[in-house]
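**Q** So the chains spell out like this:
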Amino acid sequence: MLTNKEKELIEEIRRGNARAFTDLVERYKDLVFTLSLRLLGNREEAEEVSQDAFIKIYKSLATFKGDSKVSTWIYRIAYNTALDRIKKNKRAHDHVEIDQVRKMGLADMDDALDKMVQEEKRQLIDQCLAKLPTEDAGIITLFYFEEKNLLEMEKILNVSANTIKVKLFRARKKLAGIMETSLEREILESNG
Amino acid sequence: MDKHEEKKLEEFVDRIMADAPLESPSVDFTKNLMQKIEVQSHQEAFQYKPIMSRSVLVGLFVAFSVLMGYVISQYGLGDGTGWFDKITWEPNFKPLWGWLENYTSSKVWVYAVLLFGFLFFVQVPWLKKHMDRTALLK
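Residue numbers (the numbering used here), protein chains in the order written: chain A, 1 to 192; chain B, 1001 to 1138.
Hint data in this document are derived by calculation from the structure and do not stem from the laboratory.
Heads up, the beta-carbon is just placed ideally off N, CA and C, and yes, glycines get one too.
Misleading hints may appear alongside valid ones.
[To be verified] Derived BS3-like pairs: lysine-lysine, alpha-carbon spacing no greater than 25 Å straight-line:
no. : chain 1 : residue 1 : chain 2 : residue 2
1   : B       : 1008      : A       : 167
2   : B       : 1007      : A       : 165
3   : B       : 1031      : A       : 56
4   : A       : 56        : B       : 1036
[Unchecked claim] One side only, chain B facing chain A, incomplete, derived with CB under 8 Å:
no. : residue
5   : 1012
6   : 1013
7   : 1016
8   : 1017
9   : 1019
10  : 1026
11  : 1029
12  : 1032
13  : 1035
14  : 1037
Please construct the entire structure, taking both the sequences and the accompanying hints into account.
**A** Structural data, given as structure tokens:
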């Protein structure tokens, strides 16, 4: 499961090489932070949770058996740490009424997005992802982080691939619905 | 939603997610993290760990109380019938320290014992200092 490079890196960290752990953090910090941010919706909290996740990673490296990819193992720890924080705060955002595209259609939305400046587009996507319920945001983010590998996602979420497929479909519909509302608002605003 | 529409939705979300920005934490994220890890591992190294856990101690206390209760219920408390009352409590140190009465020692022996005692008390703080230093270096 592990590549030789990953094995070497983990061995170095186990031997107490702080530099090797810094390399691991540098490699995954953006992914862990993005996942935490999409689940929590708050930068400060996401940074704290990412730090906690890396501390857990450091402490559990001694017991990591290597039966999954390092990235999968890291995402699982980050995902669970973020969920623990949400449970602690009792604050998951899960009320999205829109769950399907109504008027605009996917092709129209594609056109509208193509006409936007890259930065503007990224900002809009970011806002739409932030509006997704916690579970949907987590599933969609992990699906692309894991390069659409449902088997790796099973290991992170501890649910079957079929359940993940159903959840993914619902999350996609919700995201498209949120995107439609946001684009309509954008178009209305730009038309004055 | 039919299969074709589902496929289209999937492709649309694929395109959105390809443009979704990857966020970065603060600049000193790694530095702060490494400091936290260092502080935590230092705290763990000096953390007090009891030899017996709280549950074992409670278990022992309960077992001891039950045993005492049993002994008292079986043999009574000072009514003259228990084995406790048959123990003689007058101290008699004669067989233990009797040999000291006629003991004499040479001056060299006394000096050697005193020197050994003195060096023993000198090396305790020295060893403590040495061990503190090596633990800090680790």
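**Q** Are the hints correct? Go through all of them and say.
**A** Structure-based check of each hint:
1. B:1008 to A:167: holds, 17 Å
2. B:1007 to A:165: Roughly 13 Å separates the two Cα atoms, so the pair holds.
3. B:1031 to A:56: With a Cα-Cα distance of about 16 Å, the restraint between residue 1031 of chain B and residue 56 of chain A holds, given a limit of 25 Å.
4. A:56 to B:1036: holds, 12 Å
5. 1012: Constraint on residue 1012 of chain B satisfied, holds at 5 Å.
6. 1013: holds, 5 Å
7. 1016: holds, 6 Å
8. 1017: holds, 5 Å
9. 1019: holds, 6 Å
10. 1026: Since the shortest Cβ distance to chain A is 6 Å, the answer is holds.
11. 1029: Holds - the Cβ of residue 1029 of chain B comes within 8 Å of chain A, reaching about 6 Å at its closest.
12. 1032: holds, 7 Å
13. 1035: violated, 10 Å
14. 1037: Holds: closest Cβ of chain A sits about 6 Å from residue 1037 of chain B, inside 8 Å.
The structure shown violates just one earlier hint, number 13.
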